[in-house]
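Chains as they are written, first to last, in the numbering used here: chain A, 4 to 258; chain B, 14 to 238; chain C, 725 to 934.
In case anyone wonders, no lab produced these hints; they're calculated from the structure.
Just so you know, nobody snuck in bad clues.
Non-contacting residues of chain A with respect to chain C, defined by C-beta distances greater than 12 Å in every case (computed):
hint	residue
1	22
2	31
3	39
4	48
5	56
6	67
7	147
8	182
9	185
10	237
No farther apart than 20 Å at their CA atoms in a straight line, the calculated lysine to any residue pairs in the SDA-like style are these:
hint	chain 1	residue 1	chain 2	residue 2
11	C	863	B	28
12	C	863	B	90
13	C	924	C	906
14	C	863	C	898
15	C	863	B	91
16	C	863	B	95
17	C	863	B	92
Example chain A residues on the side facing chain B (calculated, C-beta under 7 Å, incomplete):
hint	residue
18	155
19	168
20	184
Where a beta carbon is used, it is the ideal one built from N, C-alpha and C, also for glycine.
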Amino acid sequence: MSPMTRPSASQRLQAFANPARFMTLSGRLLAPLWLVSLGFLVVGLYFALFASPPDYQQGETVRIMYVHVPSAWLAMFGYSVMAMASAVALIFRHPLADLCAKSAAPIGAAFTFLALVTGALWGKPMWGAWWVWDARLTSVLILFFLYLGYMALWTAIEEPTRAARAAAVLALVGAINVPIIRYSVVWWNTLHQPASVFRMDGPTIAPEMLLPLALMALGFTFLFVTLLLVRMRAEILRHRVRQLRLALAASGAEG
Amino acid sequence: MSRAFIALLVRDLRLAARIGGGGGMAVFFFLVVVAAVPLGIGPAPDLLARIAPGMLWVALLLSSLLTLDRLFQADHEDGSLDLLTMGRLPLELVVVAKAVGHFLTTGLPLVVAAPLLGLMLNLEVAAFPALMLAMLVGAPALSFLGVIGAGLTVGIRRGGLLASLLVLPFYIPVLIFGVGAARAALAGFPDGVAAQSLALLAAVTLASLVIGPVAAAAALRANLR
Amino acid sequence: MTTSELRLSASHLACERGGRLVFDGVSFTVGSGEALVLTGPNGSGKSSLLRQIAGLLESGPDSLRVEGGDPELTLAEQSHYVGHLDGLKPAMTVAETLHFWAAWFGTGAGAAHVAAALDGMNLASLADLPAAYLSAGQKRRLALARLLAAPRPVWLLDEPTVGLDTASIARLGHAMQAHLAGGGLIVAATHLDLGLATAKTLDLGTGVLS
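Next up, chain A with everything else stripped away, as it sits in the complex:
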């Protein structure tokens, strides 16, 4: 956007609201976004794998954290994006918001899956088992189920507008329930194993580990936004194909 003709915030919002404008704007943003995401990831990975010290307790396995923690963060972030987009879609009946929610789901689910896999890989050397019913892993697992249910609902309902609205309702109910589920799982966990084996939050992280973690988190977040735009563009094109096919069917009926 050139600085000469700076439009107001509402005008900018309206520009994004129009699918055609969205296509041109997002098209221009894609290349820089890819560059920024990959830049952060490459530098972040260098620090994570080579330029940071091993943990004095966990040794080299601590490096899994640099993928695991950002993935877990994006698992939550993805669901928030989905829920907020769903709220906008239900209140303002905006088609792009529906597409945003729909597009965010598989990306969020992929990061959730990554968090689960890296969690299991980390768990083996740490706890001696691939899977431990720790509060954190368990709530990520349930979040993964919520994503799968949301995606299954989208595919199960054939008519897009109906699917969009039903999925939005589900995403919002899920958003209300996520904190309740999380609280219940933590409560359950403390009941069964009072002392946690290790903690990855809080002030225990050394500053030299914080830098790669922050870089990786930024890289993952930019990657999420980039992939979200790519998927939304794909959804818009899919919608156009559908319209063209419907038009073809209608013309076939007449002629």
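Starting from the structure of chain A, add chains B and C where the hints point.
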């Protein structure tokens, strides 16, 4: 308006009593699931006693899920759901009537049957009152959260499986607090846990009384129009 | 029936199903005592239009309007809809079904209206029979008896004569005329001439109102 509400509730109870899929079938399913457990893990009495509260709750969850499927689908297939949206009763209250009917025909019979199954699993008799109380407090939440899944999947072919998939994550807090309240009466749990989990279970149930009808009505509107 | 004057009007009504435009620019007005008959080929949207009036399908804002009647109630809450599905439960008897719908739609004097509905559709002898035992035509008559069991001013009928024999069609025609005479209004999709001499016709295939 209350006349319409009662008419709908009475109709649903009458239908459940007359045709299969009502309380009788749910209790039978509950029994079969619980009977399958000792066959799967072995008959050691102390092991069975330890897992009994959790087992009974899981069976309650499954029975509840299994009966959800027909809640709106049956009315949708024969066209009555269209007519139910044209009454003067708000759709939210239609959902409440449906959920209350589901609780009375599925949840309540299972709570009554629970002690019998508890005996079969060698559960201490002293734990029965706590288990039944927890089930009585938690079962309405299963019905009121379940209607969301039923509403979201109405009109989908073989929507029952999908409804279960959507609803099961929402059931987890009910399961956790319900089992907590039932198990706390047994040895090995610190004091106060029983009361705390029962209070949390009641809170989840109260929340579901609001979330369920609002969300299910929104889902029905999305699916029917 | 004693209802105040009622006027149902559609202006530039459009219907979209699954991204496909079914019809567009449909306008008409029907008042108390009037009937509108919908015609047109398959897929021209007769059923969709009826469902839109019944509030079962979305219609654009302000494209469907109702004047008069009970200001507290929406159009759907003043309408009866009889579609392709009869909305019956096999396990409920004929009388139970009508009592339920009378209570559900919340109008009328309950038992008296149910008795009149049983008479009007010649179902009195079947009153205690579960709906499972009824023939297709009898089920149809039971569905139509809803119209009489709970008075509502607007009747929306989608091919109401399907499965009915000549005598039953005459009964339906009689009930419709009585409804119009009492100040009700009817929108019906039907092939048969139901003896509605005053009816307007809307051809959804061509969009011509006559």
